[in-house]
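Quick note: numbering that gives the first Met the number 0 has the sequence shown finishing at residue 373, numbered continuously throughout.
For the record, the hints were derived by calculation from the structure and aren't laboratory data. One or more hints might be untrue.
PhoX-like, lysine-lysine: derived pairs with alpha carbons at most 20 Å apart [said to hold, decoys possible]:
| # | residue 1 | residue 2 |
| --- | --- | --- |
| 1 | Lys220 | Lys157 |
| 2 | Lys304 | Lys227 |
| 3 | Lys157 | Lys270 |
| 4 | Lys57 | Lys198 |
| 5 | Lys305 | Lys227 |
| 6 | Lys295 | Lys305 |
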Amino acid sequence: MKSGKLPPELLKTFVLGRISTKRPEVIVHAGLGEDSAVIDFGEWACVISTDPITGARKDAGWLAVHVTCNDVASNGAEPIGVLITVLCPEKLDRDLLLPLGVDLSGKERASLHLLMIERIMGDAARAASELGIEILGGHTEITPGLPQPIISATAIGKAPRNRVITSSGANPGDLLILTKGAGIEGTAILASDFERLLKGALRPDVVEGAKRFTERISVVKEGLIASKNGASAMHDVTEGGVLGAIYEMAEASGVGVEVWVDRIPVAAETKEICDFFSIDPMKLISSGSMLISAPKTDPILSLLKKEGIEASIIGRVVPEGRVLIKNGNKETLYPPESDELWKAVSGALASRESSTHDSSTFESVPGQSYAGRE
0 MKSGKLPPEL LKTFVLGRIS TKRPEVIVHA GLGEDSAVID FGEWACVIST
50 DPITGARKDA GWLAVHVTCN DVASNGAEPI GVLITVLCPE KLDRDLLLPL
100 GVDLSGKERA SLHLLMIERI MGDAARAASE LGIEILGGHT EITPGLPQPI
150 ISATAIGKAP RNRVITSSGA NPGDLLILTK GAGIEGTAIL ASDFERLLKG
200 ALRPDVVEGA KRFTERISVV KEGLIASKNG ASAMHDVTEG GVLGAIYEMA
250 EASGVGVEVW VDRIPVAAET KEICDFFSID PMKLISSGSM LISAPKTDPI
300 LSLLKKEGIE ASIIGRVVPE GRVLIKNGNK ETLYPPESDE LWKAVSGALA
350 SRESSTHDSS TFESVPGQSY AGRE
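I would like the entire structure built from these sequences, with the hints used as guidance.
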């Protein structure tokens, strides 16, 4: 099978179709396009979500905390804390630690495993401090058979019971708002994992700027703003990119959409990197962007602007039909396939195998820094 999360039809059949027990306290169950589960606790609701990060990369623990809290914020919930599981490969060498940013100079204070765990948890604690949440616990383990570390974070948040937002609440007549732009996380990953390759073709300042896109990953602010100001549905834009998120929201809500592709912002750095790899930024993983469906957009747009968060109206919800409008032409919006990030990674690795150039042009663990996320 292709790398990445399961396609919608396979997810329905082999995962969601195997879930039979339902509890009355659960008000948002597992479902296609739903970012989190929601449990009823009277006046308040508990919102829970989980996400993995695979591979050795700098800030992996930081990213795990932020992307999981993004899911909770997509339901209009304030993140309270996270549980973190860290699985480290039994066989570990220095080359696997370098992408994590571990300082190996001088005398080692502990084993390589402890250095890896210390760095991951330090990054996670930094993210928790930024968000004002607590690391509630978790699990750490040295695991045989793993080629790369795996981090899984579970976020827990709270929201007033009457203000919980889901991916399935979009209604005909709503407008679609996108915060920031397309391909944010994918741009940062490619710039970091293929830095030397890209700097051989693009201006160094473009690559350095793209690496800093990780600073834009959090969508907690926009999630809380939209939930308090009339949003009917929200979805964190992750694997499958902007178009994948729009399809999933439409599918979850049982509605159609009209997407104005030319209005979807694409940063200059994203465009240059996507052009280099011949991939579509609209289908590139984009943690850091929030998709919002709302009947009235002015209050949300005004408050987002006040917080310095860019936002654009990119389409509307209609009763049926899923249509992309680009350069005046209409196309059908299809279910998301494998994320464009995997295409970029596969193409680059194939080039390395066939290239006569020095393999040092490539990073040591390209494309291993993200996982399929809902």
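Verification of the supplied hints:
1. Lys220 <-> Lys157: holds (15 Å)
2. Lys304 <-> Lys227: holds (15 Å)
3. Lys157 <-> Lys270: violated (37 Å)
4. Lys57 <-> Lys198: It holds: about 19 Å lies between the C-alpha atoms, which stays within 20 Å.
5. Lys305 <-> Lys227: Holds, at roughly 15 Å.
6. Lys295 <-> Lys305: Satisfied, since the Cα-Cα distance of roughly 17 Å is no more than 20 Å.
In this structure, the one hint that does not hold is number 3.
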